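**Q** Given next are the chains, with one letter for each unit.
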Amino acid sequence: MAPPSSASSGEDSSTPDTTQSQLQHSFLLHKASDKLISSGKARRRRRSIDLSPTKTDDDDKKQSDDERWLRMEAFQLVWSRIESTINHVLRNINARVFDHIRRWVWDSFNAIKPLATISPGPFPLVSQVTCTQLFTGLLLTNNMEFVDDISTFQELGLCLKSHGCHVANLSSFDFSSKNGIAGCLTSLLRQFLMSTFDAADMSILASWYSRQGNYGSPVVVIIDDMERCCGAVLSDFILMLSEWVVKIPVILIMGVATTLDAPRKILSSNVLQKLCPCNFKLGSPAERMDAVVEAALVRQCSGFAVGHKVAVFLRNYFLNQDGTLTSFVRALKIACVQHFSTEPLSFLLGWLLVKEDSKGVQSEKAVKLASELLSLARNQIAEQTEVTIVHSLTELTKLQKLWSTVVLCLYEAGKCNKTRLIDLFCEALDPDTYNLLASDGLTGTGKGFVQSLSSDHCMLEQNLSYRKGRLICQLLGRVRDLPAALLCRLLNGWKNLTVDVPEIHDKVKELQSIVKLDEGSCKPDLKEISRRHTSRSPLKIGQSQSINEKAAILMDCMVRDFMKPIECTAFHEIVCYRNVENLQSALIGDSRKMIQVDLLEFHKTLQCSCCRRSGNIPLPSMPDTSIMYTLAQEHGDLINLHDWFQSFKTIVIQYSRKGTSKLKKSPLKKRKERNESENKSEASIQARFCRAITELQITGLIRMPSKKRRDCVQRVAFGL
Amino acid sequence: MEMNDADDEEFGFSRNYFLAKELGGSAVKSHSKLSDINIVDEQELRAAVSNIEPKHEKEIKDLISSYKRLYPRWAFDLRCGLGLLMYGFGSKKTLLEDFASTSLTEYSAFVINGYLPTINIKQVLTSLAEVLWDQLKIKRRTPSKSLSKDQQPFSSRSVEDLLAFLDGSEDRTSEFLVCVIIHNIDGPGLRDSEIQQYLARVASCPNIRIVASIDHVNAPLLWDKKMVHTQFNWCWYHVPTFAPYKIEGTFFPLILAHGNTTQTAKNAVIVLQSLTPNAQGVFKILAEYQLSHSEEEGMPIDNLFATCRERFLVGSRPMLNSHLTEFKDHELVKTRRHSDGQDCLYIPLTSEALEKLLVEMTQ
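The listed protein sequences correspond, in order, to chains Y and H. Residue numbers for the first sequence follow the UniProt record's numbering, so the first one is 1 and each next one is one higher. Residue numbers for the second sequence follow the UniProt record's numbering, so the first one is 1 and each next one is one higher.
Derived by calculation from the structure, the hints in this document are not laboratory data. The model shown is predicted, which means the values in this text are computed figures rather than measured ones. Mixed in with the good hints there might be a few duds.
Within a straight-line C-alpha distance of at most 30 Å, the following computed BS3-like cross-link-like pairs (lysine-lysine) qualify [unchecked claim]:
1. Y:K333 - H:K68
2. H:K122 - Y:K31
3. H:K122 - Y:K708
4. H:K68 - Y:K604
5. Y:K649 - H:K33
Over the 10 Å line for every Cβ pair with chain Y, so calculated as not near, a few chain H residues [stated by the list, open to error]:
6. N51
7. K226
8. E295
9. E297
10. P300
11. P318
12. D340
13. C344
14. P348
15. S351
Note that beta-carbon positions come from the ideal geometry of N, C-alpha and C, so glycine has one too.
Same shape as in the complex, but just chain Y:
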């Protein structure tokens, strides 16, 4: 094991050993010792059995260690759930298209098969024109960001494999002009034959296919993004496959990002002739996004939740910054990791999940540990026992379920007018909206639900209007204007969604019964009919409104009484991640800005007393690179090296003068020494200048002189 170098010393001690390692391309810093691996395992095993914090003196460290491991396990539990839910959702979205593709693949294969059987010779017979056509599926991804579709194509491959096809997934990197046709052929052989060949040749593939076990199934080649492929290489590849199609029944599937006529743009007509295309289409990114938000965050598959600000950030990040679902999932993962790494009580979320699953008592000890932690953290509730935590957590889960039910009901109402779930999700999480209503005494916890239903108008619109909750108010308006048939469908949807919440469920059923009464005599004036019926109906939703109005009031009450944002409930810290600043800085590192800020405002980071800046004037005590970069701000896009050096020298010399003036020496000695030291200081100033330039070059903030302009360097960044 190499000796660990000390980070505490800014200067590295350059022993021959470290210099050697600094010049090696790579080296092993240390090995994981066998002992450590096994002890880690043992610790894990012990922990899962014995969670009780020991009462001995060394328990502090052990407890924090245990707690960290618990949090790690909780993260793994939670994230694996979220991840599998997301995968499941995405798979479901694609399932129908995949099924079509699968059937088409087998149909196409059956069309090729008879041709293949009549040409048993070693070489392909290109006698018939028709037999050289290549069945090609064009899968329109509707998405310029191919990163979102990587997994789709892998899934497609797996799906086809599971149905007995031989599948190879090629990416656009395999079709680069650098490697040419050999690149994609090598990759093809590697995937089918599981080994590499020096000379890639289709005949190897043909002999592989004729072997027992391989013969009799279609060979599917999937190219994820054909528009990124090099056109010439792809053309060659297609021509080659079409020549061999009699020997190897290849079926091609190509992803297309823009429009279905993309092949026409990159392939020549003689290649296009070889293709026998069939089109398929995937869902749009926005649809997928809403499905993922619904499954992972609204339905809360894992119990993990995000706060309002984080939700808004995630939405904006998706809409404005990146636009890929992959980045959204990654952001969610980082939020989850940070939650478990920074929130001490977060491991209870793992306990909640385990409890849900097995109803076992094994993790009761985790609660005990939590209550101790909690009492340490919050002295004021030190006397509270674990009962409080268990109770609060159960309450939290209950409230969360109610919240998600109401959000889904709202989403159901907004579906016909294409409301985006992510927008609704953000609004439903806003604690300000809830607090605003609560301050006016308009919220309840379900107890006053029946009473509030008897009001004759919606409260939300009056109290929220355009300040907050605009989307919810819009939805209320939408429900009021809904045609009868759609309202019927909406109520049906609500009925299914609210099965677990009897209070709402009953009211929905009541509303439905009124509608059913009307169904027989569907007259244009719905308002009249409903008015007639309400007088007879036992439902006490208002007295004289239309069914639409009643539905709106029901929705209004649901929102006020049951949609309590997570941040307004006690103990939400356990399940809810709220630190949007941390998330943002972990996700989007702005190196361009921050490195400049480091240089220009270094005293804020270093917190030294000597360099409090006065305006833009560089001080000699500042780091040389900072002085240089501050000076560079005064220059144009070209910096004259001579001028730059002179101004640097003027600044640092102030410092040297100050330093030397303090020394008191005899005049003779002084003169001699001064000459020497001036020489020395000139060299050192030049050296410092050189190193500062090198450091600026490493950061990429300046470009080196060109041959034409030897005396100038070029500035690269202007402003932060």
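Chain Y is fixed; fit chain H onto it per the hints.
**A** Same frame as chain Y, now just chain H:
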């Protein structure tokens, strides 16, 4: 007062671009020449560079040790499958290695010095594969089991095969075993899209996690969305250290050093040390020839090839050419036309410098 300063500063930034464009003309007109500076002797300059008095030592030390409190968080991130990307001004070499030595002791730590301009990715991947192989052997507790017969040793495998091994499609859990620390993943030797693709594939290997540092402001442009979101899985941390870029800066020519074109013996040694022994051998032959034929314009390429093949340093002409390209890239070797029209190779160093270089190389 401070508010005014801040406003001024902000205003300064916003108008900077336009000012820069306006000043562009006048800067060229400034006829001051670099040669007007009374540049000290190169050796003296180099001596002075290595003896620069550090500033703010205490604050820098405090700053770097203040990051120690983040170690548990970083380790947690790695265990959760994220990659760490450290940025901010100052060398982060010691910081990263200290982090690995203190918080990642249960995993193997493998360091890649991305700041080396001559870094060879295949060599790096080979060593990494060996480290992972060792680690897997320990895990499976089958120390006697070596690579099976049909498998070649790592050193003779192709990059693609190495990556396939690292990715480990065999029966292997996705347990975190090896932490790869890449100093300057944006280093000049790694700024190639193919190399970054390889590194991204390494990062997505189930048993490997990456901790990397960047220093260049435009480093994020090296990666596409696939690499960032699905392979590297970066979690960014802003950790300025203000520590001098000592080793990272060695490979840049000093701007005031003698027209900054000729390499000195010292710099040449550093570059040569990072090359393969065979490449060093080729260079030595050239140097020896130049010393013994100091009056000639250089060594003809055919001549060099013949000598190198005799000594089993190269097997083919392309192999020699690849060495020569590397030398030329670092300005260790130049070509000029011989009087008889043949291309000749020479090392742009004086005989004394060359002698010194040979002595240092043999040490």
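**Q** If a hint holds in the structure, say so; if it does not, say that too.
**A** Cross-check of the supplied hints:
1. Taking the CA atoms of K333 (chain Y) and K68 (chain H), the gap is near 24 Å; set against the 30 Å cutoff, the hint holds.
2. For the hint pairing K122 (chain H) with K31 (chain Y), the CA-to-CA distance comes to about 21 Å; that is within 30 Å, so the pair holds.
3. A threshold of 30 Å between alpha carbons decides the hint, and for K122 (chain H) with K708 (chain Y) the separation of about 37 Å lies outside it, so the pair is violated.
4. At roughly 19 Å between alpha-carbon atoms, K68 (chain H) and K604 (chain Y) fall within 30 Å of each other, so this suggested pair holds.
5. At most 30 Å may separate the alpha-carbon atoms for a hinted pair to count; K649 (chain Y) and K33 (chain H) meet this at roughly 16 Å.
6. Not every Cβ of chain Y is farther than 10 Å from the Cβ of N51 (chain H); the closest lies at roughly 7 Å, contradicting the non-interface assignment.
7. Distance check for K226 (chain H) against chain Y: the nearest CB is about 5 Å away, which does not clear 10 Å, and the non-interface claim fails.
8. With a closest Cβ-Cβ approach of about 30 Å to chain Y, E295 (chain H) is found to remain outside the 10 Å limit, as its non-interface label requires.
9. Chain Y leaves E297 (chain H) outside its interface by the beta-carbon criterion, the shortest separation being 23 Å against a cut-off of 10 Å.
10. The Cβ of P300 (chain H) sits about 28 Å from the closest Cβ of chain Y, beyond the 10 Å cut-off, so the non-interface label holds.
11. Remark: the non-interface label on P318 (chain H) is consistent with the geometry, its nearest Cβ contact in chain Y lying 17 Å away (cut-off 10 Å).
12. Every beta carbon of chain Y lies more than 10 Å from that of D340 (chain H), the smallest distance being close to 29 Å; the non-interface claim holds.
13. The claim that C344 (chain H) is not at the interface with chain Y holds, since no C-beta of that chain comes within 10 Å of its own (minimum 23 Å).
14. Separation of P348 (chain H) from chain Y is adequate, the least Cβ-Cβ distance of about 16 Å exceeding the 10 Å criterion.
15. The beta carbon of S351 (chain H) is kept farther than 10 Å from every beta carbon of chain Y, the shortest such distance being approximately 26 Å.
Hint compliance for this structure: hints 3, 6, 7 are not met, and every other hint is.
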